Amino acid sequence: MEIVKIEGLTFTYSGSDTPAISDINLSIEEGEFVLLLGPSGCGKSTLCRCLNGLIPHFYAGKMEGRVIVAGMDVSKTPTYVLSQHVGMVFQNPENQLFSLTVENDVAFALENLGIPRDEIRRRVDFALKAVGIEDLRKRSPFELSGGQQQKVAIASVLALMPKLMVLDEPTSSLDPASAKSIIETILKIRKELGTSIIVAEHRVELLADKVDRVIVMQKGRIIKDGRPREIFVSEEMVPYGIPVPKVVSMAKGVNKYFQVFNEIPLSSEEFEQDIRRFVHDKVR
Amino acid sequence: MSILEGLRFYAGDTVIHRLDPRVKFLISMLMLIIVVMYVEVWMLTILIALQAIMAYAAKVVRRWLKTIRGSLPLAVLVFGLNAIFFISSGTYATLQEALYQSTALAYRLVLFLSSFSIFFLTTTPEEIGLTLTSWRVPYPYTFAFISAIRFTPIIAQELRDIMDAQRARGVELDKGGPLQRAKKLVPILVPLLANALRRAYELAEAMEVKCFGATKKRTSLRELKMRYKDYVVLSVSLALFSLAAYYRLFPF
Amino acid sequence: MIRFDNVTYVYPTGVKALNGVSVEIGRGELVALMGENGAGKTTFIKHLNGLLKPTNGKVYVDGKDTRTLSVAQLSRVVGIVFQNADDMFFLPTIEEEVAFSLRNLGFSEEVVQKRVDWALKFMELEEYRKRSPFLLSGGEKKRLALAIILAWNPQVIAMDEPTVGQDSAQKEKLKEMIKQLNLQGRTVIISTHDVEFVAELRSRVILMSKGRIVADGRAETILTDGELLSSCSILMPQVAATMSRLADLGFNAKVISVDEAVRNIVEVLRRFEHTRGA
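Protein chains in written order, with my numbering: chain A, 1 to 284; chain B, 1 to 252; chain C, 1 to 278.
To be clear, the hints were calculated from the coordinates, so they are not data collected in a lab. This one's a predicted model, so the numbers in the text were calculated from it and none came from an experiment. Using N, Cα and C, we set each Cβ at its ideal position, and we do this for glycine too. Worth double-checking, as some hints may not be accurate.
Some but not every residue of chain B turned toward chain A, in silico, with C-beta under 10 Å [said to hold, decoys possible]:
1. Arg22
2. Leu26
3. Trp42
4. Trp135
5. Glu172
6. Leu173
7. Asp174
8. Gly176
9. Arg199
10. Leu203
11. Glu205
12. Glu208
13. Lys217
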């Protein structure tokens, strides 16, 4: 089943004369794990915001085309309905937490929907467990590190039990260790709950071998949409300046001398496996 | 700003902390009313003693005293002004009477502040929020209140960061007369405001994504429940209050 | 140029952010200050221009004790670009922002004009001269913050987390800029947790943890030391991490650049071929 279907989408923020995104056509199946790549200003954030109704309900502007998410037309459905199917996590964890305890923050969205208390409790427990932060339950967001805060933000959105989670540069303001932790959290959620994920990120090292699909944007348009190997390995993507995992460059370099890699590896693990296999065969 | 120290939540697991916040608020209100009803120093002293006992039970004596100490300058001012007024206008027959009355007024001022100190010291902002909700204050107001508390430390940090950044550009914040210093506030306040607005926008977006305002019938994870000991404390407080009120109206 | 002499700093809240830090940074050096959040990096940076003065110990900038100078005086020598560039704009145009700092530091109007022109050109912001700083994009704001500091030509430039929130093209530009500033003879100190960025810069690395300096050396040595990095909660750059997985097969785990890694792998694989042949 299609979770996202976008047809001919063009959006121009009010007050601007050039569209932020143009002519977007996209179809995403339920269960897919998508990485959205592109330089600053390419339209990634705008596209993300079209997926849960912030555009056109929160941001004023001219929207052409259709966006159907979880079977609902985004321009005809209020955001509070869409939010129960599409959760969104932003870049700055500090500005997504409102309450004075983690527990309350995770419950926030549920309280706003008027969900009965028992159900709220159940879902808060579920979300805290899914993200792995049960021990932070009674803490105040102010005391937490950036990485922990972002996990709370994820949990607070997960409590709505959306089918799709959209994360707009969730690790941008975090240090590498916290970033790794967040990505591991996302992978955990995907594995245990089967949630569809769309994440806009620059840190490709940790995601290259884990995602199903990579969409590259530039100047408001989708310029490439394919499997990770097609994007990171192919030479044609080089002029677009997308970040490429270092192991890809290493493997290409080695392959010039020794045909070690039949398929260019996307992660350290794959690289290691291929080298070991090659050496093993050689030594035999 | 030592007064503020005595008005901020200080964690603890004492009998007072565990009391329902509404009861604590009511006690503070009742004390305030008694302060208004009585000018006599002996009654005011009884109140202070009661507060001292509560502060001791809540292990917040030092902070409670800070509120009192912080309000002393103002109290001295009140004493001085009233003393001058009473003496020069001859409101009271003797000098002693004038001084006694001035002292009482200053004393009352201190009590106004200290009455609520215990409440704020032993009640978390979250509980204050729940109290407002239980009194049917519309949620947006409670939310504004909680947000203010939530973001105050963050804005305070931002203020420090901005001051550091401007100092590093050669702005000497500590120098100059009052007019120059006022001008130097511009490079501090404008960025602070700009950042606050930007932050507000991001917050609004996150609130939208979390269904804020979806329904007027908002539920909550926690609710305040009056327990046996809350009723006991409430009854005792009301009884004492009634006694004091009765005595004021019909002194025996 | 910069010397920390057994510096200890305790914040008013009681937190000891620096605990006996002693280090020397020479004129014209390029140094990366690394460490997890809370290691003391920002506190260290703030001691460079006197925003913070040591609780114990001394900090010397160009031979002078920072305690004897004001922040404004020290800022002439040490320019700090803080992490949140948007923290300091308040004037109607970009050129006024750059001029503001210059005027504060006491330059004559003539010099101010020349420096403003130079700084805006150097940071490629000439065309936005008359624009309001609030209308700039994130990347442009960071460039403006740097332009403001460079305008008065400080000998030392310190940057606190310059790579946060930047995409790869922006980081590439930043890297080139840092190298160029360093080539021009400036002492450049960047505080960052971006290991890949530092690996590419190949600078001197000062590694901090819990207020102490735990390592001080070349990037190639420090960023390939697995134990050291994990004790400071820092991830190894991908090249070194990959190579260290293959160390048992005889590959060199002490490399940080793609080229070095490729050369080493090819060399080792050739050796395997020869052994087999023999």
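Against the structure, test the hints numbered earlier, and report the numbers of the ones violated in rising order. Those not satisfied are hints 1, 2, 3, 4, 5, 6, 7, 8.
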